[in-house]
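Residue numbers (full-length UniProt numbering), protein chains in the order written: chain A, 1 to 209; chain B, 1 to 209.
Calculated from the structure, these hints are not laboratory results. You may find that some hints are simply not true.
Far from chain A, by Cβ distances over 12 Å, these chain B residues were calculated [claimed, not checked]: (1) D32; (2) N60; (3) F85; (4) A117; (5) R120; (6) W148; (7) P170; (8) D174; (9) A190; (10) L191; (11) G193; (12) P202.
Covered stretches of chain B, as calculated for chain A (at least 3 residues, CB under 8 Å) [claimed, not checked]: (13) 42 to 53; (14) 136 to 144; (15) 154 to 160.
Built from N, CA and C at the ideal position, the CB exists for glycine as well.
Number of protein chains: 2
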Amino acid sequence: MELYCFGESGNAYKCALALTLTGTPWKPRFVDFFNGETRTEAFREVNEMGEVPVLVDGQNVLTQSGAILLHIVSKTWQLTGNTPFARNEVLRWILWDNHKLSTQIGTVRFLMNFVPADKRPEGVVPFLQGRLKAAYGVLNAHLAQRDWMVGDSVTIADLSCCGYLYYPEPFGFDRKDWPHIDAWLDRIAALPGWKHPYELMPGNPSDRA
Amino acid sequence: MELYCFGESGNAYKCALALTLTGTPWKPRFVDFFNGETRTEAFREVNEMGEVPVLVDGQNVLTQSGAILLHIVSKTWQLTGNTPFARNEVLRWILWDNHKLSTQIGTVRFLMNFVPADKRPEGVVPFLQGRLKAAYGVLNAHLAQRDWMVGDSVTIADLSCCGYLYYPEPFGFDRKDWPHIDAWLDRIAALPGWKHPYELMPGNPSDRA
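So that you can see chain A by itself, here it is in the shape it has in the complex (with noise of 0.2 Å):
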């Protein structure tokens, strides 16, 4: 399978770590977002939606890292969580992470950390900011009770939520603020075969540098 993929979109990491822990053979594809690759005709071609992650599978050409996770699990049987409830948990837990998590940090990191400082628009760093305090809140007292998300294993609804969290630049997030996501994610990246980003993914900010 190919993905394209770049190291700093979180949601691409998603995908890439849901292959590389289920023993998925897969290449990345980079795409050049940063130099404005995915608003061109050719790269609309392949996703309409102008985004990363894409996965080739085949015949199969696949977008939005939910969908991709759902496939990923298809094929290999593994993350599924393997309990009572456990489909409809996991697709819950990766909407809301769509919904109120992922949408707004990539903003909110992206607002910080890639566009320049006159360029950023007054006060929305704030506001989302604010919103995903409330977010980081629901995930902290959901890991409260439990090591995983769903079950009582890894499944891609852990992959989906953590995507952003273990990125180096600053948007206001502190894990030792969130004891029980600290520790949430210390266990992910204790699994075997876990890599960081930018390890997993061709590109980081000091190619920019």
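Guided by the hints, dock chain B onto chain A, whose structure is given.
Chain B only, in chain A's frame:
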């Protein structure tokens, strides 16, 4: 089935509409969002995410509109698309909606209509409207070539993406600017049994006037 909802929630509307269009018997359970019900301990017992919709179907308690829509498909075998690869396509458009469309509209509409002018954070509305313009562009371009989001009939992907687009309160979206979205919203509204959110669910802004 019982759906925790209130009229102003576009995410609840997606589910109410899917239940109605599939002929599934359901009743609404009004949630008094504007008086803080979703922030109460009692409601957090129902949904730790503190959000509507919640669907109660016997022993199953589901949250997140996308997971509820998929549950309605699995129960009714309707709104499926029923074409090769439809499932993946439906999934990715529901995820895209959660990621790029409904989240941002929900925030903008809330700030513009349900928050006093002097409490609106500076700069957030125009920034999110800029991002939404890109999302409307993706949706409009997709619909230029087809009547429905996936395949040749209405699916839960349509119901997810249209969830906020029938509301009368201004949020910077004018159907006339997006002719293919406009025609598609007319097609959905022409489906037998279709109802406007304020007809389908209890609670609307006039209750608080």
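Check: Closest CB-CB distance from D32(B) to chain A, is it above 12 Å?
Finding: At about 19 Å from chain A, D32(B) clears the 12 Å cut-off, so the statement holds.
Margin query: Tell me whether the statement that chain A covers the stretch 136 to 144 of chain B is true, taking a Cβ distance below 8 Å and needing three residues at minimum.
Written below: Answer holds; 3 residues pass the 8 Å Cβ test.
Next item on the list: Go check the stretch 42 to 53 of chain B versus chain A for me, would you? Three or more residues, Cβ under 8 Å, otherwise it fails.
Entry: holds (count 3)
Item checked: Outside-interface status for A190(B) - nearest CB in chain A farther than 12 Å -> Consistent with the label, A190(B) stays out of reach of chain A, its closest Cβ about 26 Å off (over 12 Å).
Checklist line | Beyond 12 Å from each Cβ of chain A, as asserted for N60(B) | finding: The claim is violated: N60(B) sits with its nearest Cβ about 7 Å from chain A, within 12 Å.
Next item on the list: Beyond 12 Å from every chain A Cβ: check whether that's true for D174(B).
Entry: 22 Å, holds
Item checked: chain A over the stretch 154 to 160 of chain B, status - at least 3 residues with CB closer than 8 Å -> violated (count 0)
Checklist line | Consistency of the no-contact label for R120(B), given chain A and a CB cut of 12 Å | finding: For R120(B), whose nearest Cβ neighbour in chain A is about 10 Å away, the distance does not exceed 12 Å, so it is violated.
Margin query: Checking a non-interface call: every C-beta of chain A should be farther than 12 Å from the C-beta of P202(B). Is that right?
Written below: The assertion about P202(B) holds, with a minimum of 23 Å to chain A.
Margin query: If I take the minimum Cβ distance from P170(B) to any residue of chain A, is it greater than 12 Å?
Written below: 20 Å, holds
Margin query: Beyond 12 Å on every Cβ pair: is that true for W148(B) relative to chain A?
Written below: Fine: 15 Å to the nearest Cβ keeps W148(B) off the interface.
Margin query: The output says G193(B) does not contact chain A. Does that hold with a beta carbon cutoff of 12 Å?
Written below: 26 Å, holds
Going down the numbered hints, you'll see the structure goes against 2, 3, 5, 15, while the others check out.
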